[in-house]
Amino acid sequence: MMSMLTMLTLAQTADGPTPPTFWMPTGASAHAPSVDSLMWWVNFIMWAFLVMNTALTVYFVWKYRHKVGTKFRTDGPTHNGPLELGWTVGPVLICAVLFIFGFKGYLDLSTPPKDSYDINVTAYKWGWQFKYPNGAQSDDLVVPAGKPVRLVMRASDVLHSCYIPAFRVKQDLVPGRYTYLWFQSDFPTGMDRPTDGHHLFCTEYCGTGHSNMNRRVFVLPQEQFDAWATKQANWLDEIPEEELYWKAGPKLFARCVQCHSLDGTKGIGPTWKGIWERVTGGAGSGNAFADGSTYQSLIGPGKQYATPEDYIRAAIFSPGEHLVQGFGNVMPTFKGQINDKGIDALIGMMKKLDEFDPKTGAWLKAPPTASAK
Amino acid sequence: MTTLPARPAAPTYDTPESDNYLIHDKGFLSWILTLDHKRIGVMYTVSVLLSFLVGGIFALLVRTELLTPGRTFIDADTFNHFFTLHGAVMVFLVIIPSIPAALGNFVLPIMLGAKDVAFPRLNLFSYHLWIAGAICTVVSLVMGSFDTGWTFYTPYSTTTSAGGVVPVIVGAFILGFSSIFTGMNFIVTIHKLRPPGMTWFRMPLFLWALYATALIQVLATPVLAITLALVAVERLANIGIFNPAMGGDPVLYQHFFWFYSHPAVYIMIVPAMGIISELIAVHSHRQIFGYRFIAFSSVAIAIFSFIVWGHHMFTSGQSPLMNTLFSAITYSVAIPSAVKIFNWICTLYKGSITLNTPMLYALAFIILFTIGGLTGLHLATLSTDVHLHDTYFVVAHFHYTMMGSALIAMVGGLHHWWPKITGRMYNDKLGMIACAIVFIGFNITFFTQFMLGSHGMPRRYYDYQPEFQTYHVISTIGSYIMAGGFVLTAMYLIQSLVSGKRAPANPWGGATLEWECTSPPPYYNFHEAPKVGEPYDFSNLQWDERGEGYVTVKPTEAKA
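Protein sequence lines, in the order shown, are assigned to chains A and B.
One point on numbering: in this note's numbering, the residue at position 71 of the first sequence is 71, and numbering is uninterrupted.
One point on numbering: in this note's numbering, the residue at position 215 of the second sequence is 1215, and numbering is uninterrupted.
The shape of chain B in the complex, shown without the other chains (with noise of 0.2 Å):
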């Protein structure tokens, strides 16, 4: 029988972890303050999840008012910014902050071996930005709202009378700077503060995806900025530039804004695609397939996502000859997400998988990205495009991506990394059925608005023809499941916080750096320097029946 040898940083199981950075130090102030980037992340996690709340129930309201045609309970002006603040505050203070910002800040210095991001200071800044940001966003709410839809489409956005506009620009504008610190300092974070060892082939994938992330966020943020601030100027001081009322030009604007925003859907699911990247490689136990291909892959999306802006403006007005042009180059983005998708399936081949929850999370993202993924193909199609842009098939093929997808890798995630974040285990088995409620629940929603796309159903549409009702009436009760799944998911994270069993350091098996330290970490991460080893080698882990997790042991004892 294997003895297990003694080692100095393997956790105590039945006493807490004497130091750790959620006890460090106590007060408010000790958190709003602090410049260590697990409770940055640890706060940017709670606000997202609250943004996120907020931005479900304008979902939900928006659902329920399409369960009829005409009136259900609110009238089209009402209607017209519900669903504008749901996609306002679903892309701007969730999805793009939600993986990077979020689960990034936490995991991204730890898996590198380092004590804190490069520049803790610019950190703190950014999430305070971030709150700057959700307060313009709250400003506008009291100043009337907006109901411009969140891509603020001129020249309607500049010409509406609802009085909440520019605030919202001015919340858009400094969220952008948010996003820009937090890339700026994970490109030099990855650049300059790994350790002896840690070359760039033995980063875990995780950060390839947030390195290619990173440097999204900071060449394309600036354009959006720069945008929005042409448009508050515009609104403000009547100065013509895509009003054509004015000598402006509509079809500019949209050049500038997606010009950002089309990179801006590659910030939301390149670090998605990261998270299955771990969370497959560590719940298979087993090297990920075609480790270069996948980080490649990663980098190549990140490249390709600013030259294809123009497939939102088949129908704008835009030539034909660019329209083509951006068509065939669109299919260029497929390419790399097809090879990461073959990849995952072929790590699980001759794997030793563990289903759990963030397991199940990441094969639902799987299925959810092929099916994303793929109705992409009948949007880069040109002819099929004209058909379809503008209906709820392009709703359908976003929330795929975007919820489906972003959304579902955040919360998978977040259940890999629970138990680092918080020390407590939650229910696996309610978190499985979660899992299950919510991935039910989101093709119901969805996948019916595939068919109402197709039949000629168009989006943000308060008022539709009654051959639609069927559709919409099923969609609708998706979305109550799916909202159920989510509510049962916030109540046993929250239980798990309160009554949860202690997680030991390594509860999955995972070969990464942040598995070494304890769960939740020391305040400076780690208590000697770790050693670097490859990041996908699981033959040195073995179950530690006594502390329910995994424990590293030496090779030599392994086989033994």
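In isolation and in its complexed conformation, chain A is listed as follows (with noise of 0.2 Å):
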């Protein structure tokens, strides 16, 4: 059987991923092949049984059919040492092997290589966040081909769980502690199309969005991974502050978007259409929050945010602090993973909302005339 294994998973180590099975997705890690070729023994085994029970049980039934009315048979044995020993021992030696193997694979799975790179991962209700060595992220997980990667996660809400089918990995996420998630994969997958990369999908059961909290996957040669890391680092920078509430904007909002919309339908959290009237003292500013405070009462010089920019920038960084009327503390803080000139580029974007598209977002002036400098 070893050596049989053995040569599933070399006939499996090609060019290129493997290609969907029967059973199994695309297979497009290191681990891949061992995983499918442990699942196709398993399999063989189910069906081998299965067969041979379903058989068994069809041809007895039929063989041995009682006419009403006839005498019973009693010639029937009613038990037999050997044979119970025997279908008890053959299990036991069919998990032991199926145990070593499973083992074998896991081991592992559960031991990252000490070159990898890490990527640092936050889950929370209902995105994730991918932070990479240089100071770059992403929404989705953009990793180099042909390096071990470290995925070093973290929960910052309810428990989430990080699966990635083609590379047969998976591993839940835990507020309160860190996990490792770890996978090789050899094949680029481009990022251009949308069609592009692998899923990733959350498999910890987390509320409302737990469904739409799937990103994908692209895998990168080396060195176009490094330029990718480099300019996804510096982006918000290379932008100059006239252009930012529109070039920055709203693909910060992208994030925003899931909870928060701009045409005033309710959401998950408060729409963002009118948000500069409330906060400036104008239409709305009177509303209440959860606690009993209003806009009024706690924006202004001397009060608990001098400025309406301070208020913007620390319901972005600690959200629960004060409720607005109607709506769940389910938001989670952007602290440390957008900075000043991102916060800046959303408050520019709530000032003149009316320049974007009430339902997409984007910016409807572009492209940029003259006369709008």
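Treat the hints with caution; some may be incorrect.
[Unchecked claim] Quick list of in silico lysine-lysine cross-link-like pairs, DSS-like style, CA-CA up to 30 Å:
no., chain 1, residue 1, chain 2, residue 2
1, A, Lys266, A, Lys359
2, A, Lys335, A, Lys247
3, A, Lys352, A, Lys251
4, A, Lys351, A, Lys247
5, B, Lys1350, A, Lys67
6, A, Lys231, A, Lys365
7, A, Lys341, A, Lys351
8, A, Lys147, A, Lys231
9, A, Lys365, A, Lys251
10, B, Lys1501, B, Lys1115
11, B, Lys1429, A, Lys71
12, B, Lys1192, B, Lys1531
13, A, Lys67, B, Lys1531
14, A, Lys251, A, Lys351
15, A, Lys273, A, Lys359
16, A, Lys335, A, Lys303
17, B, Lys1531, A, Lys71
18, A, Lys247, A, Lys131
19, A, Lys71, B, Lys1350
20, A, Lys251, A, Lys131
21, A, Lys335, A, Lys266
22, B, Lys1350, A, Lys63
23, A, Lys231, A, Lys359
24, A, Lys67, B, Lys1429
25, B, Lys1501, A, Lys67
26, B, Lys1429, A, Lys63
27, B, Lys1501, A, Lys71
28, A, Lys266, A, Lys365
29, B, Lys1350, B, Lys1531
30, A, Lys273, A, Lys351
Read the hints as simulated data drawn from the structure, not as lab findings.
Two independent chains are provided; combine them into the complex using the hints.
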């Protein structure tokens, strides 16, 4: 069995990812082939026993059918020591072999190599934040090809679980502790078309948006990955101040849109529509928070927030401090995930919301004209 | 020609039995305050079947929503409530009480040759607790229901804004005590109320299974009660036990929860295995193969079930060493299960097999449990489980064991003892057709979910990738077919109550004691103390044309 398993494994370590089969999806990581061949063997055992049990059952029921009114047979054996011992020991041996192979595979899976490339992962309701050693951040996971990658993961609210079917890996993210997940994929996927890359799912139930925590995993050749990471780390810095609100705003807002609308629709969080009026003493500024305070009582010189900008910044960094009436305490903090320039971009966008498409958040004035300046 | 001996206890076929438990007393109160184990069993059966209807409707709603990716007809939050309710109702209100409390209550004392269980008042109390638990679930629905999944994983369950979490936790807590009391009652009954001649190894295997189940109920359920109480305390008083934001540990919750809930799946499956042992032996009319192996394997499963809970947590953040140990121990539960399957198949060998509705359910069980059990190997094996955990593969696996096995056995047992319980026969042809429809529908529904899962479809998903849609559509169609089978079953069973033929005392040719008393049994079960013989010795049974049932003849006459 050992040699056949090895053969199967070798046969699948080809130049590209393994194609999807009847049972398994595409396999694109270093240990997918070993998981798949073990899966093949367990399936084989299942089918063998299923066919045997079903065939014997059907055959016996047909062969020993009873005609009502005739006498019952009494010649059936009531027990058979060696036979019963045999079908106890047989399954024990099968299980022992399965355990050993499963354990071997699991050891590889739970032992990241020392030279692995670390990516910090934070899962929240309902999204992912991937942070790279050079300071780059992304919503989709981008990894270098041909290099072991270790995800250092935590959850900011409830349990989540990171599952990449093509890599055959899965690990829960637990609030209050770090967990690791590692893999190596040798096959670049590109990241230009929407079909590029692999699925990444959340597999620990976490509420309303659980099934929308799916993201892509892109595998890039090392040079391409480095270029991407550098660009990703600095994209905000390269944008001039005056273009910030329309260049960076919608891009950052893409992480807010799941809960906050621009067109007044009630979402998981309050809508952005009219937000600048509310915080600057205009329409809606008398609205009460859950704790009884109002925008007017909180914002202004000498109050808790001296300027509206201070309030917005605080609402993004410590969202639970004053909850808007009618909304739960579900927003995660974005402290450390967005810098002051990013905050500036979002505030700039709030100030000029009428320049943006209320459905998509796209800037309506593009391309910029000379008069816009 | 043999003339049948005149026996005083032999049923009269033309006139209904003058006194039986159904007509012994009249009125609503005579039922709701009864101490008779048979009436309590019947009330449990009706309650459990009604809950099954409710849980089944939620299942169909969930499957219908999954016909298309994105919204089909309900939003994500409603979907989350529906799948949670389906799970919680099916686990706590249906499957856990279905066999021990419903069928077990009716059958256990009669099979044992006793007048009742050891503590009839406690028995009634446990039914009233069940009702209280069910009412709590309804209260929870009124207060905003719950969306935690039936597992109540923290910190989601202690932080969700759904308003019905605490009431349903109280409900599950109360249902736990209902289960504990039933278990205690059965243990004492089997120890103390066996009549002369009923030795441990003359007990029908269903009783061995109920005994093993009762041990689990009594030993494991208190842990669930404590755990749920802690969740309620955390939610209500903000004492940090499981929520890390308050210094708690969510993985601790999982250990507590599965320490009960893994044994709990054996509360569901072990009595089901007991029913199958009866069904196979009685309808094959043959000494069961390897009686002692089957009896001991029930107890072995009960013991092993306590030390494998960690296999639900291979990806939870539990240490690799723990995962390895739990994986190794988990295989140990596979062995006694395999032993039972082989024993049942060997019981068919050289039997005298009557193929009728209960037998067909038993055969369906063998096949479905083979699939359910063997896919457990994929999940016990560490490296494949990492891929399959929390996907539809797991959903399919536990539906094969919980529904395809435990519930199918319950339905088979219901058909087996239906003539005894109600005194009426049902339409056996329709029964076999309905069983076939359920079997086919079940496999269409759930086998596709194995493929969904191994291809990476996570469970508890409202929205999914378009590539999974084909499987989802097939699965949903299967669930409608299965529902049709159950509707047909309900129809002919109700019809049998109205206009079914009167049942003889022993319609199948069973040798255990319940087939010696009339159908339905008299109030005190036996007119005279039963003579305890071998439970699977069918040699003295003879078909009686006139009564369309089996009668016991003396050995000498049988030979003539």
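How the hints compare with the structure:
1. A:Lys266 <-> A:Lys359: With Cα atoms ~13 Å apart, Lys266 of chain A and Lys359 of chain A stay inside 30 Å; holds.
2. A:Lys335 <-> A:Lys247: 21 Å, holds
3. A:Lys352 <-> A:Lys251: 15 Å, holds
4. A:Lys351 <-> A:Lys247: Roughly 14 Å separates the two Cα atoms, so the pair holds.
5. B:Lys1350 <-> A:Lys67: 14 Å, holds
6. A:Lys231 <-> A:Lys365: 26 Å, holds
7. A:Lys341 <-> A:Lys351: 15 Å, holds
8. A:Lys147 <-> A:Lys231: Between Lys147 of chain A and Lys231 of chain A the Cα gap is close to 20 Å, so the pair holds against 30 Å.
9. A:Lys365 <-> A:Lys251: Holds, at about 16 Å.
10. B:Lys1501 <-> B:Lys1115: Holds - the C-alpha atoms of Lys1115 of chain B and Lys1501 of chain B are around 27 Å apart, at most 30 Å.
11. B:Lys1429 <-> A:Lys71: At roughly 24 Å apart (the allowed maximum being 30 Å), Lys71 of chain A and Lys1429 of chain B satisfy the hint.
12. B:Lys1192 <-> B:Lys1531: Roughly 18 Å separates the two Cα atoms, so the pair holds.
13. A:Lys67 <-> B:Lys1531: Holds: Lys67 of chain A and Lys1531 of chain B sit about 29 Å apart, inside 30 Å.
14. A:Lys251 <-> A:Lys351: Given pair Lys251 of chain A, Lys351 of chain A holds - Cα atoms ~16 Å apart, limit 30 Å.
15. A:Lys273 <-> A:Lys359: 11 Å, holds
16. A:Lys335 <-> A:Lys303: Satisfied, since the Cα-Cα distance of roughly 22 Å is no more than 30 Å.
17. B:Lys1531 <-> A:Lys71: 23 Å, holds
18. A:Lys247 <-> A:Lys131: Holds, because 22 Å separates the two Cα atoms, which is no more than 30 Å.
19. A:Lys71 <-> B:Lys1350: 13 Å, holds
20. A:Lys251 <-> A:Lys131: Satisfied, since the Cα-Cα distance of roughly 17 Å is no more than 30 Å.
21. A:Lys335 <-> A:Lys266: 25 Å, holds
22. B:Lys1350 <-> A:Lys63: Between Lys1350 of chain B and Lys63 of chain A the Cα gap is close to 8 Å, so the pair holds against 30 Å.
23. A:Lys231 <-> A:Lys359: 28 Å, holds
24. A:Lys67 <-> B:Lys1429: 17 Å, holds
25. B:Lys1501 <-> A:Lys67: 22 Å, holds
26. B:Lys1429 <-> A:Lys63: 21 Å, holds
27. B:Lys1501 <-> A:Lys71: 25 Å, holds
28. A:Lys266 <-> A:Lys365: 26 Å, holds
29. B:Lys1350 <-> B:Lys1531: 28 Å, holds
30. A:Lys273 <-> A:Lys351: 10 Å, holds
The structure is consistent with each of the numbered hints, conforming to all of them.
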